[in-house]
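Chain by chain, the residues:
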Amino acid sequence: MGSYVPNTKKEQQEMLASMGYSSIEELFSAIPEEVRMKKPLDIPDGLSEMEVRNKLTRIAEKNKVFRSIFRGCGAYNHYIPSLVKQITSKEEFVTAYTPYQAEISQGTLQAIFEFQTMICELTGMDAANASVYDGATAAAEAVIMCREKKRNKAVISGAVNKEIIETVKTYLHGTGMEVIVVPELDGRTDILALEDASGEETSCILLQQPNYYGQLEDLDSVKKIADKSGAKFIISCNPVSLGILKTPGEYGADIAVGEGQPLGLPLSFGGPYLGFMAATDNMKRKLPGRIVGETKDVQGRRAFVLTLQAREQHIRREKASSNICSNQALCALTASVYLSTMGRKGLEQAAVLSMSKAHYLAERLCELEGFEMFYTGDYFNEFVTTCKGDPYRLMNKLEQHGILGGYPLSGKNAGNILWCATEMNSKEDMDELIQIVREVEE
Amino acid sequence: MGSYVPNTKKEQQEMLASMGYSSIEELFSAIPEEVRMKKPLDIPDGLSEMEVRNKLTRIAEKNKVFRSIFRGCGAYNHYIPSLVKQITSKEEFVTAYTPYQAEISQGTLQAIFEFQTMICELTGMDAANASVYDGATAAAEAVIMCREKKRNKAVISGAVNKEIIETVKTYLHGTGMEVIVVPELDGRTDILALEDASGEETSCILLQQPNYYGQLEDLDSVKKIADKSGAKFIISCNPVSLGILKTPGEYGADIAVGEGQPLGLPLSFGGPYLGFMAATDNMKRKLPGRIVGETKDVQGRRAFVLTLQAREQHIRREKASSNICSNQALCALTASVYLSTMGRKGLEQAAVLSMSKAHYLAERLCELEGFEMFYTGDYFNEFVTTCKGDPYRLMNKLEQHGILGGYPLSGKNAGNILWCATEMNSKEDMDELIQIVREVEE
Amino acid sequence: MELIFEKSVENRGCEILPPSDVPVIKIENRYLRQNDLHLPEMSETDISRHYTELAKRTYGINNGFYPLGSCTMKYNPKINEEIAKFPGFSNVHPLQPVHTVQGCLEVIKLAEKYLCEITGMNSMTFQPAAGAHGEFTGLKLIRAYHEERKDNNRNEIIVPDSAHGTNPASAAMAGFSVINISSTKDGYVDLEELKKAVGENTAGFMLTNPNTVGLFDKNILEITQIVHDAGGLCYYDGANLNPIMGIARPGDMGFDVVHLNLHKTFSTPHGGGGPGGGPVGCKSILKKYLPAPRVIEREEAFDKYDLASAGELSIGRVKEFYGNFLVIVKALTYILTLGGDGLKEASENAVLNANYMMNQLKDTYHIPFAGPCMHEFVMSLEELKKETKVTALDIAKSLLDYGIHPPTMYFPLIVHEALMLEPTETESKETLDQVIAVFKKVYEDALNNPEVLTGTPKKTPIGRPDEVTAARNPMLRYIF
Amino acid sequence: MELIFEKSVENRGCEILPPSDVPVIKIENRYLRQNDLHLPEMSETDISRHYTELAKRTYGINNGFYPLGSCTMKYNPKINEEIAKFPGFSNVHPLQPVHTVQGCLEVIKLAEKYLCEITGMNSMTFQPAAGAHGEFTGLKLIRAYHEERKDNNRNEIIVPDSAHGTNPASAAMAGFSVINISSTKDGYVDLEELKKAVGENTAGFMLTNPNTVGLFDKNILEITQIVHDAGGLCYYDGANLNPIMGIARPGDMGFDVVHLNLHKTFSTPHGGGGPGGGPVGCKSILKKYLPAPRVIEREEAFDKYDLASAGELSIGRVKEFYGNFLVIVKALTYILTLGGDGLKEASENAVLNANYMMNQLKDTYHIPFAGPCMHEFVMSLEELKKETKVTALDIAKSLLDYGIHPPTMYFPLIVHEALMLEPTETESKETLDQVIAVFKKVYEDALNNPEVLTGTPKKTPIGRPDEVTAARNPMLRYIF
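Sequence lines, in order, name chains A, B, C and D.
The C-terminal position of the first sequence is numbered 442 in UniProt numbering, with every residue numbered one higher than the one before it.
The C-terminal position of the second sequence is numbered 442 in UniProt numbering, with every residue numbered one higher than the one before it.
The C-terminal position of the third sequence is numbered 480 in UniProt numbering, with every residue numbered one higher than the one before it.
The C-terminal position of the fourth sequence is numbered 480 in UniProt numbering, with every residue numbered one higher than the one before it.
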């Protein structure tokens, strides 16, 4: 049995004796007999480290690790620099608590302050928080931030990732706020429908750029609609794309949110990921979660602290702007180290490479009979094609070659495939994919 | 092209300008034209980190990683605790220089002092150094330590690992010392031949315990021969076996050496490994290499320093006891952390498990027709069996199942196999091995 | 120290990505960013040194004693981290076909099975990413329960005043009204108050047990009965589960929903604030409301595990995908390592360590609630403050100079000048003895040299920061 | 701080290995150890904290500037470490069949190819584990060469007095007599001295070029010619290769044998003293003497690489297996990353950084040899010492309080009160400027407040240790 209890039986007895007890059992006397467990936990006996490692090795081997990935849909296979993994494995960062004790937490605090700055730079916004759970909850929290007394309708584009829409709906259900989903048209938000749906009861309009289908939205038009209706404008964005794309700030967004996973976090079957949130200056006190601010210590030295805590649950309790307590701090650190290692040029390169690879793949795919672009707008690194045969059959074939193909869509898109490429997909890999697709579909 | 040069072209120009130069080229004016390279290095262009990682991933994939290993012969597949890997990856330990600057090197120094203590405890000796390159060079250095004016013959058992014997021979060649290899008899050192070979010109007698064939030597008899001839007694030992086996100190050895790889170092295709050396008190000033001693600082605080440096090359130059400068310090740290994590009980357990598994494997193998123990003495975790058919054919078959079988021997042992087991070999794996052997040989 | 931006030099950088092997696509200008992107331009050497310096200014569990009450800062085993880094876990896309992620699904299913056994629940969702997220999810389940029963007036969640701040905040976020009730002077639920508070509007009651002063509420069965009788459900805040594993189960106490903090009880690291893991367990009656997708187990030998999508009654998704998966891997590793017996041993020793510390300190510090305590205990510095003006904060800050992380300060709110200590079971008697000596020394200093304490800490990278200015004129980012 | 043994508690420990699944074998008593084995008995928590504390008391390249002359403390890229940890490299048994280790053999062969190109050699062995080990191996080759030619009187190795201590020590260890020759006052090889020293007993001559005062010996072709004319061979100590990659090659200078320090020039970490890598390259005439086994390359598509065992003329094995293999992996990773151009860029910037520092310091410190220097330069504190009694050691120790690792002290021996600086190319101008300012400040202090310097360092975990007592009454282990 593995154990992390250092005290030996002898020491335990000494400690008990020092208190006048003879068994640990006596310390539990306050627990009424009726709620005591009558039998041991039905959990297998503990294992030595070597056995645990073997057991979990066998479980991990039941998963297939693809050598080539062409699937995105909210989780992106980008290159993670070695330095990022090394730095974020430092025990101090990994095992520290939330930095309430500023004097011994300047490392965490400064790293978050730097993260906030980088998120502001990426999004073109004024203030960011220290992270929330993921892109979907970030969107939900943003929608909640926009609530106003007479505005209780959140308008969301149907071209936003479904998982985000579902999460926002869950968050708003029962709070008196309503979610209106505006349909998409040819893979982009139906701007006319959006205009129709927006009015004086609209608290906010939420779009995703690039959207779920990889298409680039006409956000300038959306901004006009938002302004006209007096609603807040929320943009959910892919942070890597912001290496080159127009920022939420430049589009006039009030809040920018997004999934930070592409910034150095492994795919990890969906988590832990990273929700980032940034807002204009006048909304900053409505941001949920931890926020770090710069100040000075008693000697006048630069110091960082958790600030604006009056928004938070441990102070305000039921009046807090959010209930968030634990966030994704280590993931935020990872994103910071990633952005520092990539630098301005590197992030731009990741964006350009991802987009260029996707366009190459799309072009080559569409040379094949039965494959064509299902949507015709400009796109970043994801796109939808038709498929000659059964997409699932194609996926099985690709899987045999160690390739995770695009994502077979459902609903009105059934039979279509949502493809994704990043800098990780070499021309060679894409040519191989095309060759296999050709063989399967012939 | 990857580059770790931080200075930008602009900064380089500024730096040059500050010195009155206009190109870096000018700094090399001292190099005569005749020895200048006339064309660029014939080495491929540099690669980005991602490309390098991909390239070396493909090279690594050309190696086969066996899931089950029954081969030893000087490199042993023991379990490495997670904590060991974590601690020895700390950048401070990995990237520091030799701890000449004691004030900022107490970490390295104390770790080595603790390593020395653990090696003394393991071997039952009085003093140890901070490591040499590996077990073979440790043996060679030990033999050199024993040289005396009128004693220039080193007597080595033929049951010592051949790589060690070869290394000792290389080290002694041309120094006026002679190596006499005493044959083995039934897998153990021929004691009578050893006695014959030893005399007043014998500087030292070197045996390995357990020996190359896994057999346990009668070291008490050897000690008597050494004493009789006035020669020093060197024992090369497996450090894990010392969790239970009688120590070199208890056998009366003057010097104990060994390969420290079993103490937490991965197999790594043969290196980096770790040579450890320990000696009796009266030979400690003859030890080669770094040695750390305890002292006090100016304020009376406990402090550690490199000591007895008067033995060393940077002080004594050609009169030094050895030329060693870089050693295997990080490997020594690894061994320390391994021994701390395993503790007394854990190391004993590793030894008992290894021995027990080997005996189980031997027993099961010898139930098969054509397989029997080639040597009959007591053994630790390695043993030699006959093989019914061609050992190489058997190995190929095992390889197909991901199993690295025992080592096919050559010479007078041709057709025999040297097997090894450790705690890593489960009963299930051994039963599978037996099943495959049975099928192949039927 | 300098910010990373202040160390940046134009055109410096690392070479991480290759040039393009396909034609480079240029996109229309109207889609392109206009403003410069300021990210650090640094060499690897300098990035490495920057974060080394930040790590040195960070206090992890590997640096020393970390007795944060209610936070359960136990040792984070390295094997957990190693296993979470297996490519078979970390390089798996969340939308891979289920037959290629059987191992991931097995991890989730095993974790569900064991954690249900520990808590006495029937089903569990792993989607919530943290404790508060779990509370929110659990409260949504309670809402769904009443909604399905058309019990539409039940919009009140009752919370004792000793509760963690997340409890009322989560209730409000889930759309409930919060009814606060006061505790008895011993820190327990005041049964009379509770009886007065429950009624036809009661949706549920939230409690942590042992409570936030470290005491197990002996009336627990009566408490949950009162709530149930009134038609409400009982929510168990799992923040304080650490002392009762294998000893008592929320399910057996009458709780209907529970969240766990994997980053407290189950040894996954806190990461400087996260990621955590806040799985929510529930009794069978609530299973149909759980978020989806859910891992289901089949009889088949192949593809034993599958993902089921949301039924009609599900509260819906509370997060992308399946939660903080790697955190679940770490927690499962921990559970497999300790096993049933080991979990109980952990709880027992958590309680032993807390009682030992309390007992050693009780003649020096004022301990308002009589023991034995569970895994944590609370001290009040109120009298010391009256006498010497030294506050709980001053005591806490003084500890920093001894290399000790302070206890939780000023919580629970029902104790004035509170310091709340939770040593956890992974600390040794030797460490406790050293820390006890420091606590006594600091108290001595408070009596004899109070002004020294108010000037602490002295040995930390910074002294006490000016938090007021930080909040009044917030500087939340570096301006380029 | 306490030793790990002092933190040990009987019967405490970690649970790493499982119980036996086969019958436990008991061995005869006569084979069993009699004395107790004292190893630490510790919890993971406390082991983790112990080594964290030791790491904090250790100064790595990640902690700051590390200008150790002749040691080339350049940045150690993290990608090298990551790749060396690939299971395909680290979990490979050295005695696997060759068809299962083609990747390992390819690594060695590629490294040989590139390093031969860099040095102008024809063959290389990777068995030597360190620079000194390489010297020993290279000298063995020289011995074998003369032996085969029956040139049996050649038993002298000539070494300049500016040489690293390992040179004469290695020569002695290889069974040679050492002939020391003095350098010119400019630090170069004194041609007249050399001519006097060579003769029919000359086996070889050892030199590092650039030499240990950081100067490239412009007479290099004449030097090697003199040795060759006398029938000796020329050995190149590769410790100072860093400034000349892609610029000049030992092979083209007339050297016959060279060792490299992978842990200096090729960015593999120093590990607090090792493991290093000391491959030895040689011209074709010496190839047959190289240690075996050697990696050979074939035309075949499958099993392209093989291991060849020793020929009759081989000097034999100098180490187990094939050298510090993972160190070779790291060095190859580095070479592939930089490429031909990048290696040259590295050398150029190593020289630029050294000259910049020297130039900025030359008006303050006495620089005995006129520049431009190569990758390192030497300052002499002799005059300062006369004036103020402040020594090179005092200057060095003062730097510690500024978080800077001191330069190499009191080497080379031909310069009194020497400090030898090698900034390396991986340091930025900003770092150099900061360090330059500190050096100037320290010099100021030496002039104005000499007594302050002799009391340094003050901010380090310990002050100056008593080395004399340590050597006189050696305490080399903890006594239980």
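In short, the hints are calculated from the structure, not lab data.
Fair warning: this is a prediction, and the values are worked out from it, not measured in the lab.
Glycine included, C-beta positions come from ideal geometry on N, C-alpha and C.
A portion of the hints provided could be inaccurate.
[To be verified] Lysine to any residue pairs mimicking SDA-like chemistry, simulated, CA-CA at most 20 Å apart: (1) B:K62 <-> D:G64; (2) B:K397 <-> D:E2; (3) A:K286 <-> C:G175; (4) A:K62 <-> C:A301; (5) B:K388 <-> B:V352; (6) C:K56 <-> D:G64; (7) C:K26 <-> A:E363.
[Said to hold, decoys possible] Across the chosen pairs, the derived CB separations fall in these ranges: (8) D:L413 <-> B:S29: 22 to 30 Å; (9) D:N11 <-> B:K149: 30 to 38 Å; (10) B:P32 <-> D:A310: 22 to 30 Å; (11) A:K9 <-> B:E428: 57 to 65 Å; (12) A:R438 <-> C:E2: 53 to 61 Å; (13) A:S18 <-> C:H366: 17 to 25 Å; (14) D:D186 <-> B:K10: 49 to 57 Å; (15) D:I479 <-> C:H366: 40 to 48 Å; (16) C:S20 <-> A:G415: 45 to 53 Å; (17) D:N11 <-> A:R67: 42 to 50 Å; (18) A:E250 <-> C:K150: 46 to 54 Å; (19) A:R438 <-> D:E312: 29 to 37 Å; (20) C:E2 <-> A:E372: 52 to 60 Å; (21) B:E428 <-> A:E372: 52 to 60 Å.
[What the hints assert, rightly or not] To give a feel for the contact side, a few chain A residues facing chain C, derived at Cβ under 10 Å: (22) Q12; (23) Y360; (24) E423.
Unsatisfied constraints (hint numbers, rising): 1, 2, 5, 9, 10, 11, 14, 16, 19
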